[in-house]
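Enquirer: Protein sequence lines, in the order shown, are assigned to chains D and S.
For the first sequence, counting from 1, position 7 maps to 7 in the working numbering; every step adds exactly one.
For the second sequence, counting from 1, position 34 maps to 34 in the working numbering; every step adds exactly one.
Source of the hints: derived by calculation from the structure; they are not laboratory data.
Just so it is clear, the structure is predicted and the values come from calculations on it, not from any experiment.
From the three backbone atoms N, C-alpha and C, an ideal C-beta is built for every residue, glycine too.
Where hints are given, some of them may not hold.
Unchecked claim - Under 8 Å between C-beta atoms, here's a sample of chain S residues computed to sit facing chain D:
hint : residue
1    : 13
2    : 23
3    : 24
4    : 31
5    : 37
6    : 42
7    : 53
8    : 180
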Amino acid sequence: MNILRNKKGQGSALSGDLPAIIMIVVSLAFFISALGFSFMQFNDSKDQVSMRQAITDVSTAFMKSNARLTTNDLCGGGDGFFETQIKGFTSSYGVNIYAEIESIDDDWSFPVEGCQSTPEPEGTSGRQNSQKKLIRKFPIAIHVSDLEVHQGIIRVTIWK
Amino acid sequence: MEVIKSRKGQAHIVDGLILLLITAICSVTLMSISSNYGGDAMEKYDTIYRTKLAQNTLLSLYHITENQKSLMAHVSEDLTRDSGELTPKTIDSIKQKLKNYDDNLDPWKFVFRMEHLNEDNGGYITNSDMKYDAFESYPKTCATAALTYIAPSDGCIADDDGKQGEGEMCYAMFSICVWQV
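Make a model of the complete structure from these sequences and hints.
Expert: What follows is the structure in structure tokens.
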């Protein structure tokens with residue numbers, strides 16, 4: 001009897017429901033935090049995949065037009081290459097697109113007739129400040145006439 | 001009675017510990033899945049881009065003009081004139097073009113290879129420090145095309161199948177390989 005009273009008097013914190021409640025709360029908090037973190041990470045990865053797909057598709061569109069692309073094709077408006085083949089990616093991937101030709105041909109320098117770059121998208125904060133940005137540079141031949149093409153480097157930038 | 005209560009308390013603690021363990025495992029699994037999500041897809045798009053870049057560079061070699069003649073026309077002429085070998089001038093020209101790519105497309109590296117030639121006679125031209133032996137096992141993407149040239153006086157260089165071409169024309173396979181450093 002005395003022993004039982006003594007144990008009751010000590011009143012251990014590990015007895016009763018309190019430890020179990022604490023552990024349940026900690027477990028749930030940890031799980032919810034992990035869930036939130038995973039969700040953020042998942043969304044981030046999804047964004048990155050989408051961006052990677054967009055830059056691959058946009059670059060491929062330019063590469064397919066290698067040696068057929070003219071400087072006029074980069075200008076916006078009308079039914080040109082930019083309007084028909086590039087601008088559509090803006091809405092389908094939700095990205096802004098900007099492409100600029102850099103010259104490597106010795107006898108080829110800007111300004112020339114046509115456009116050196118695609119139009120800068122309107123209403124965007126600008127590609128310089130964007131945290132989500134991808135750039136690809138690759139060789140491309142610019143068509144001047146059937147007997148004259150100029151080798152250049154094009155830089156394609158996409159951002160959100 | 002107190003002993004029973006104490007045991008009940010211990011049982012709650014054990015239940016709590018099990019719950020803690022389960023949530024920890026679930027959370028770690030969830031974080032692991034989410035952190036790995038998209039890895040395969042991004043690798044796939046990178047591979048597509050590498051392939052397209054190799055094909056595009058190959059195509060560009062056809063379009064590079066020097067004195068109104070494409071670089072591949074120079075290569076073709078060299079093979080015709082010099083028993084299927086490239087002249088140092090053409091090799092230098094290809095090297096210069098690849099170097100231009102290197103300067104402008106860093107971090108991409110390129111190799112121009114002609115299958116019937118070895119490293120000594122211009123079969124392996126690169127803008128990187130990569131040695132041929134190491135290159136064979138290096139992860140890269142290549143695009144291959146056939147080049148036609150007029151048979152030199154001593155005939156075409158036979159390929160592995162013993163085929164030399166057809167009539168007065170010879171065929172040579174060449175490829176452009178790209179990788180990122």
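Enquirer: All the hints need checking, so say for each whether the structure fits it.
Expert: Hints and how they fare:
1. 13: The hint holds - residue 13 of chain S has a Cβ within 8 Å of chain D, the shortest such distance being about 5 Å.
2. 23: 4 Å, holds
3. 24: 7 Å, holds
4. 31: 5 Å, holds
5. 37: Where the cut-off is 8 Å and the nearest Cβ of chain D is about 4 Å from residue 37 of chain S, the hint holds.
6. 42: 5 Å, holds
7. 53: 6 Å, holds
8. 180: 11 Å, violated
Comparing the model with each numbered hint stated earlier shows that hint 8 is the single one that does not hold.
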